[in-house]
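Enquirer: Residue numbers (the numbering used here), protein chains in the order written: chain C, 1 to 171; chain Z, 1001 to 1274.
There may be inaccurate statements among the hints.
[What the hints assert, rightly or not] Across the chosen pairs, the derived CB separations fall in these ranges:
1) Z/T1234 with C/W113: 30 to 40 Å
2) Z/I1057 with C/L15: 13 to 23 Å
3) Z/E1229 with C/F137: 26 to 36 Å
4) C/F152 with Z/N1067: 33 to 43 Å
5) C/F47 with Z/N1067: 28 to 38 Å
6) Z/F1060 with C/V32: 42 to 52 Å
7) Z/E1082 with C/L27: 34 to 44 Å
8) C/L55 with Z/S1003: 21 to 31 Å
9) C/F137 with Z/D1103: 36 to 46 Å
10) C/S8 with Z/R1076: 13 to 23 Å
11) Z/Y1252 with C/F137: 36 to 46 Å
12) C/L27 with Z/K1079: 34 to 44 Å
If you are wondering where the hints come from, they were derived from the structure by calculation, not from laboratory data. Glycine included, each C-beta is placed from N, C-alpha and C at the ideal position.
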Amino acid sequence: MNNKFIISNLIRFILLIALQVLLLNELPFGRVYIMVYPLAILLLPVFTPRLLVLLLAFFTGFIIDWFSNGGGLHMASLTALGYLRSYVLDTFQPRSGWDKLDVPNISQQGITWFFYYSLIMFSIHHLLYFFLEVFSFANFFSTIFKTLISLFGSLLVVWMISLYFMRNKRI
Amino acid sequence: MRSIYYLLTRFYVLILFVLLEIFALTTIYKSHKYQEVKFLNTTNKFTGTVLEYVNSINSFVHLGTNNKALVEENTRLRKLIEYQDKYPSDSTLPGYSASYHFDYIPAKIVNNTISKSINYITIDKGAKDGIVKGLGVVSSNGVVGIVTNVSENFSLVMSVVSVKTLIGVRHKNTNAIGNLRWNGESPFLLQVDGFSKTLPIKKNDTILTAGFSSIFPPNIIVATVKNLEPDESTSFYIMDVELSNNINSLSYVYVVKNDKKKELDSLQIQMLNE
């Protein structure tokens, strides 16, 4: 069980990074920048050690930056997300508390739960990313607008991926 | 001692988080300050090669538009050759005039973005092809950007679609001088400031490079005027322009090398010092 967990998580990391770097970074959508790679951090098992989550977030951000001339933007925003994940999971825990083998994904926790969880997590990540990108609060509303349209695009792709894999599991 | 140990075991995640975040923020700060991505960029061999492979698909998609642009450029050059043969003593022609000393190095685009506030383009020519930092990059019908990083085999070009862009431009009909900038909003509309309200500027007018800097050759088409209205509070126009080349679908570009750049720059520095 443990080995299977590790391998499936590793494959998910690699696939999401590849999807981001090879396809989504190349899309000519102008102001909309679709970022899907935080999903890899979102879907780690609930009881992954916090230190490991933090380090994984850091290195994922590092690789994305490396491939997209990010200059540390992805690294900073994803590390912060990795740190905040456990607090978000605490507030979102089910009434009976988290179980040892729980995974915060759509198949186990349901569509509504995952909707709110991904909305909160991706909002944190996108806000950090876009405000760090302009590096100031000047043009506040233009940055907010950019964040919102990119957030919408990212979440659309994330939910499509999640729903697709949920359906597969039930069959 | 025991309390330090206690603190470390209790807060090691927080401490590590703060350290990693400081590292990341320093990197961001440096890339903002020096206008270049010092490390973590796509000019190294691994990312460059991977992106080069991926981009072969992208360039295939835009094959039609790129062919058309190249044919148009060819036609223009053929006309120029014919003109040159007809009037061999015209002093404005390349080869005769003293103002032409630009060399062009062809390069292929490996990676290109337009969705960020500072956009970078990776090209497949580097230090071993004679590219150095600060050279201008043009396409067959417009300007593309300025080289900011050079590695052995690849270079990074800061695209004109970047908030730090500042290129001297000239209005074709009136010869007025202005600056090309980008406000970070739509990547298809750039802004030009410095054109006085008294000038007869209309929509669809052409904007050319001014050629005062040693980076871009003069009289390269940059953009056409899209929206314009007089600014109430100043004596200038507020102007949106559309780039003449579609930055997004470019596949091939030329790096402009000015063999008199050093001389010109040192002269200007000398002037500033006096």
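Enquirer: Provide an ascending list of the numbers of those earlier hints which the structure does not satisfy.
Expert: Violated hints (numbers, rising): 1, 5, 6, 10; every other hint is consistent with the structure.
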